[in-house]
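Given the structure of chain A, go ahead and fit chain B onto it with the hints provided.
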Amino acid sequence: KAGVTQTPRYLIKTRGQQVTLSCSPISGHRSVSWYQQTPGQGLQFLFEYFSETQRNKGNFPGRFSGRQFSNSRSEMNVSTLELGDSALYLCASSVGHYSYNEQFFGPGTRLTVL
Amino acid sequence: GNSVTQMEGPVTLSEEAFLTINCTYTATGYPSLFWYVQYPGEGLQLLLKATKADDKGSNKGFEATYRKETTSFHLEKGSVQVSDSAVYFCALSGAGGGADGLTFGKGTHLIIQP
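Top to bottom, those sequences are chains A and B.
First residue of the first sequence? That's 4 in this note's numbering, and the numbers climb one at a time after it.
First residue of the second sequence? That's 243 in this note's numbering, and the numbers climb one at a time after it.
Next comes chain A alone, as it looks inside the complex:
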């Protein structure tokens, strides 16, 4: 069974630009969550989608948004990039809610903002 895939693996952008990251969950998984990982803040929850609906959202500004498609693939978008957005963005999928179902993480997308 293929794991969670994230594309691209690496991205370099400049301040003010926008970026879109993609996540393909494991087949059959309907929940997709996104996390930001930085050396200073550690792992922080961005949002979770289930059946194309955003179910939960972390404490991030509105510049961070996402969506989920009918095939459960998900994208997250960051607009007006800031230097502090440089991070590893991790996607995780699970069959159902992450509280009770194992989350499987992808390898992440490393975003560098110059």
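Read the hints as simulated data drawn from the structure, not as lab findings.
It is possible that some hints are incorrect.
As the list claims (entries may be wrong) - Computed from the model, here is a short list of chain A residues facing chain B with C-beta under 8 Å:
#	residue
1	14
2	15
3	55
4	59
5	111
Every residue, glycine too, gets a C-beta built ideally from N, C-alpha and C.
Chain B alone, transformed into the frame defined by chain A:
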């Protein structure tokens, strides 16, 4: 809000030594507790979990017991191997389904020397 505290390390041990990584948490209600491991260049993998007080999670020789009275979920292994070198994250999912995703500790970098 929810929070997780763990030693950040690095923790350096010799092969076959006994391992303990402390984890304490703050949460309302009865959270589910997890240990995740991240190998270099990879995403997080679930190592073990416990969903109620006094539960013991175990996997690959690692184990942790959910202690509600001390709000702790310490990770232990009797004899570590070089291949256990990685970053270990303690995490919790809030009670009642957890509307704010998984809350992670800062991670503990473990180095096992031959």
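Hint check results:
1. 14: This interface hint is violated because 16 Å lies over the 8 Å limit.
2. 15: violated, 18 Å
3. 55: For residue 55(A), the interface hint is violated, since the closest Cβ of chain B sits about 18 Å away, which is over 8 Å.
4. 59: holds, 5 Å
5. 111: holds, 6 Å
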